[in-house]
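S.K.: What the sequence shown shows, in the numbering used here, is residues 1 to 175, in sequence order.
Keep in mind that the hints are not guaranteed to be accurate.
Per label pair, the in silico range of CB-to-CB distance [stated by the list, open to error]:
{"id": "1", "residue 1": "25", "residue 2": "105", "range": "40 to 48 Å"}
{"id": "2", "residue 1": "28", "residue 2": "104", "range": "42 to 50 Å"}
{"id": "3", "residue 1": "55", "residue 2": "81", "range": "19 to 27 Å"}
List time: in silico DSS-like cross-link candidates among lysine-lysine, alpha-carbon distance up to 25 Å [what the hints assert, rightly or not]:
{"id": "4", "residue 1": "63", "residue 2": "77"}
{"id": "5", "residue 1": "77", "residue 2": "60"}
{"id": "6", "residue 1": "34", "residue 2": "45"}
{"id": "7", "residue 1": "34", "residue 2": "60"}
{"id": "8", "residue 1": "60", "residue 2": "31"}
{"id": "9", "residue 1": "60", "residue 2": "45"}
{"id": "10", "residue 1": "45", "residue 2": "31"}
Hints were generated in silico from the structure; no laboratory data involved. Cβ atoms here follow ideal geometry from the backbone N, Cα and C, with glycine treated the same way.
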Amino acid sequence: MQKTNWDILLPLAPAIISGIFGIIMVRTVNKRFKKYEISFSGIFKERIDVYRGTLERLFKSNKLIFDYYNSSDTQIKEKTRESLNDFSSYLLVNQPYITDILYNLLLDYRELLSDTLSSLEENKGALGNPYIHSSYKSKTIRSAKESYEYFLEESRKIESLIIIHIRMNLGIEMI
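Just need the whole structure built from these sequences, with the hints factored in.
M.R.: Structure below.
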C-alpha cells in the first residue's frame, strides 16, 4: 500500500495547529502585558516623583527653620515662609497622588513647622528658646521619621498592586 500526502500530513496536523495557536497566544499575551506595563509604570513613576518632591520640601522646610533658629538674618525668615507656602501648595496640587493618611500626616507636620516658626519669631532671643527648640526637635524628628517610613511603605504597596493588577489582567494565577 502506497502512502499518500494525507497519510503523512494527518499525524502532523495537531502539532502544526498547536504551534500556530501557541505563537498567536504568546504574541497576544506580550501585547497585553506591554500595554499594562507602560500605563502602570507611568502611574508608579508619577507617585514616586510626588513622594520624592514631598520629601525634598519637608527636609528643606525643616532645615530652614533650624537655620532661622540659629541665625539673626531676616532673609532666612522670608525663605522659610516661602518654603512652607511652597510645601502647602505642592500638597494641594498633588493631593490625588497622595493617600489620605499620608496627606493628613503631612498637613499636621506642616502645621507643626508653621507653629514652631511663629513661636521662634515671637521668642527670638528669649530665655525660653532652648525649651522651644528641644521640644520642636523631638516632635519634628518623630514626625519626619513617621512620614519617611510611610513613604517607603506606600511605595512598596504601589509596586505590589501594579504587579497584582498586571497579573490579573493577563490571567496569570497568583502563587
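S.K.: Each hint: holds or not?
M.R.: Results of checking the hints against the structure:
| no. | hint | verdict |
| --- | --- | --- |
| 1 | 25 to 105: 40 to 48 Å | holds, 46 Å |
| 2 | 28 to 104: 42 to 50 Å | holds, 44 Å |
| 3 | 55 to 81: 19 to 27 Å | holds, 20 Å |
| 4 | 63 to 77 | holds, 12 Å |
| 5 | 77 to 60 | holds, 13 Å |
| 6 | 34 to 45 | holds, 16 Å |
| 7 | 34 to 60 | violated, 38 Å |
| 8 | 60 to 31 | violated, 43 Å |
| 9 | 60 to 45 | holds, 22 Å |
| 10 | 45 to 31 | holds, 21 Å |
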